[in-house]
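Participant: Given chain Z, work out where chain E should sit, using these hints.
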Amino acid sequence: MEKKLIGVFAGGYPQIYKGSKYQFRQNLLAGFNADKYQDNGYFNLRFYISNEGKVWLYEVKEMDFDFNPTQFNFGLKE
Amino acid sequence: MEKSLKLFLSLFISIGCNQATFFSKEEKIALAEEKWKTVVQQYLEDIHHTQGTAKTMKLIDEIIKLNPNHCDALRERSIPYLKRGMPQEWKIYFNQAVKCNSARWMGWRGYHYLYFYRDYSKAIADFDATDTLTPNHIDTPQGHSVDFWRGHAYLGAKNYGKSIYYYQKHIDRVTTEFGEDRVEPEAFLNMAIVHYENKSLDSMPYYLDKALYYYQDKSADSKYYYALYHKSKGDTIKVLSYIDGGIEYFLEGYYKRRPNFNEDVRQIYVEELIVLEQKLKNPTKR
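Heads up: the protein sequence lines correspond to chains Z and E, in order. Its first residue numbered 1, the first sequence is counted upward by one per residue in this note's numbering. Its first residue numbered 1, the second sequence is counted upward by one per residue in this note's numbering.
What the hints contain is simulated information worked out from the structure, not anything from laboratory work. Please read these numbers as outputs of a predicted model, since none were measured by experiment. Don't take each hint at face value.
[Claimed, not checked] No farther apart than 30 angstroms at their CA atoms in a straight line, the calculated lysine-lysine pairs in the DSSO-like style are these:
hint	chain 1	residue 1	chain 2	residue 2
1	Z	Lys54	E	Lys55
2	E	Lys199	E	Lys281
3	Z	Lys36	E	Lys158
4	E	Lys83	E	Lys55
5	E	Lys35	Z	Lys21
6	E	Lys281	E	Lys231
7	E	Lys35	E	Lys58
8	E	Lys35	Z	Lys61
9	Z	Lys54	Z	Lys36
10	E	Lys279	Z	Lys21
11	Z	Lys21	E	Lys162
12	Z	Lys21	E	Lys58
[Claimed, not checked] Each pair of labels, with its calculated beta carbon distance range:
hint	chain 1	residue 1	chain 2	residue 2	range
13	E	Gly234	Z	Thr70	43 to 51 angstroms
14	Z	Asn68	E	Ile237	47 to 55 angstroms
15	Z	Gln38	E	Glu197	21 to 29 angstroms
16	Z	Glu59	E	Thr176	48 to 56 angstroms
17	E	Leu133	Z	Glu59	33 to 41 angstroms
18	Z	Asn33	E	Thr134	43 to 51 angstroms
19	Z	Gln23	E	Lys158	35 to 43 angstroms
20	Z	Asp39	E	Glu197	36 to 44 angstroms
21	E	Tyr43	Z	Gly75	24 to 32 angstroms
Here a beta-carbon is modelled for each residue, glycine too, at the ideal position from N, C-alpha and C.
Only chain Z is shown next, with the shape it has when bound in the complex (with noise of 0.2 angstroms):
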């Protein structure tokens, strides 16, 4: 019989992952400094996680607030 997932996204913490995205928050927050930069939008990243922590098939956009494409300050996305 088919087992129901466990959860996914967000709703899988603490369930399947380790941490919350409190860490992820302090961790982006830690090496980040707003004052330095003007850009603003959607950065958004897109990729595959197996259940082995194996991670694949990047997508990396940056997107405006209505979704259109835009390219941010180097420094920013790094």
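Facilitator: Below, chain E without anything else, positioned relative to chain Z:
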């Protein structure tokens, strides 16, 4: 012979592909409806909620080809893109659904902007518009009233005055029509959060008490915000007591969150409670 066979096959394929053109408009609409029932049935049977399989997307494309005004199918075509983080495609397809049936899908678009993209101004614009489209009816996209959602959106946008106005409007209406016990406890909790951020802290206990009463005391969020309230009053013993309760309930799963895709508005994480507890227990340690 070979050439004529190729011609025959290509004609056959061409006729096969365009069989829908032989149906009358009414027949096409009926056929589209039949296919739509299949899509719905597939979702009901699919325990993994895998919207966007090739099978379903193909069916949805067929439905739209048969009946370009099938607003539900137009909307459904957009959702897999939304859930997979492909907003450019989502926007094109969802806007087609809104154009097809604005009264039905405008509020939903606002809900998507609110939760998936945290675009509070676009969300508010859609919630306001759907309210104007149906003046004598309170719309409930995704099961909650637009007033409740507008409370969320204005909280996200840090427009606390309007957030309080819409949460109160929602609470008053539900209380009058159905009774206070039918109001989402989250409305009371979020009212307390708004008052906390708005620095009108003395209004917090009223709403936190209501939230704890309707959550039957099991609410890590309410306890966290009660701890923050007592912290502002300098009552460390009460803060620690509420934090303890908060951590306990958080670990048992009693905290505000959304089931799948995204974080709730002002969702808390247990780490925040632990950090606050450590700061109070070891005030000199950073």
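Participant: Given a hint of 48 to 56 angstroms, does the C-beta separation of Z/Glu59 and E/Thr176 actually sit inside it?
Facilitator: holds (49 angstroms)
Participant: Using the C-beta atoms of Z/Asn68 and E/Ile237, is the stated range 47 to 55 angstroms upheld?
Facilitator: holds (54 angstroms)
Participant: Can you tell me whether the CB distance of E/Leu133 to Z/Glu59 sits inside 33 to 41 angstroms?
Facilitator: holds (36 angstroms)
Participant: Assess, step by step, whether the Cα of Z/Lys36 is no farther than 30 angstroms from the Cα of E/Lys158, and give holds or violated.
Facilitator: Holds - the C-alpha atoms of E/Lys158 and Z/Lys36 are around 23 angstroms apart, at most 30 angstroms.
Participant: Hey, E/Lys35 versus Z/Lys21, does the alpha-carbon distance stay inside 30 angstroms?
Facilitator: Roughly 40 angstroms between the alpha carbons, so the hint for E/Lys35 and Z/Lys21 is violated.
Participant: Is 36 to 44 angstroms a correct range for the gap between the Cβ atoms of Z/Asp39 and E/Glu197?
Facilitator: violated (26 angstroms)
Participant: Given the hinted pair E/Lys35 and Z/Lys61, is their alpha-carbon gap at most 30 angstroms?
Facilitator: violated (35 angstroms)
Participant: Do the Cβ positions of Z/Gln23 and E/Lys158 conform to the proposed distance bound of 35 to 43 angstroms?
Facilitator: Once the Cβ atoms are compared, 25 angstroms apart, the range 35 to 43 angstroms for E/Lys158 and Z/Gln23 is violated.
Participant: Just to be careful, I want the Cα atoms of E/Lys281 and E/Lys231 compared with a cutoff of 30 angstroms; is the pair within it?
Facilitator: holds (13 angstroms)
Participant: For Z/Gln38 and E/Glu197, compare the CB-CB distance with the range 21 to 29 angstroms and indicate the outcome.
Facilitator: For E/Glu197 against Z/Gln38, whose Cβ atoms are near 26 angstroms apart, the range 21 to 29 angstroms holds.
Participant: Using the beta carbons of E/Tyr43 and Z/Gly75, state whether their distance is inside 24 to 32 angstroms or not.
Facilitator: violated (45 angstroms)
Participant: Check the hint pairing Z/Lys21 with E/Lys58 against an upper bound of 30 angstroms on the C-alpha distance.
Facilitator: violated (35 angstroms)
The structure is inconsistent with the numbered hints 5, 8, 9, 12, 19, 20 and 21, although it conforms to all the rest.
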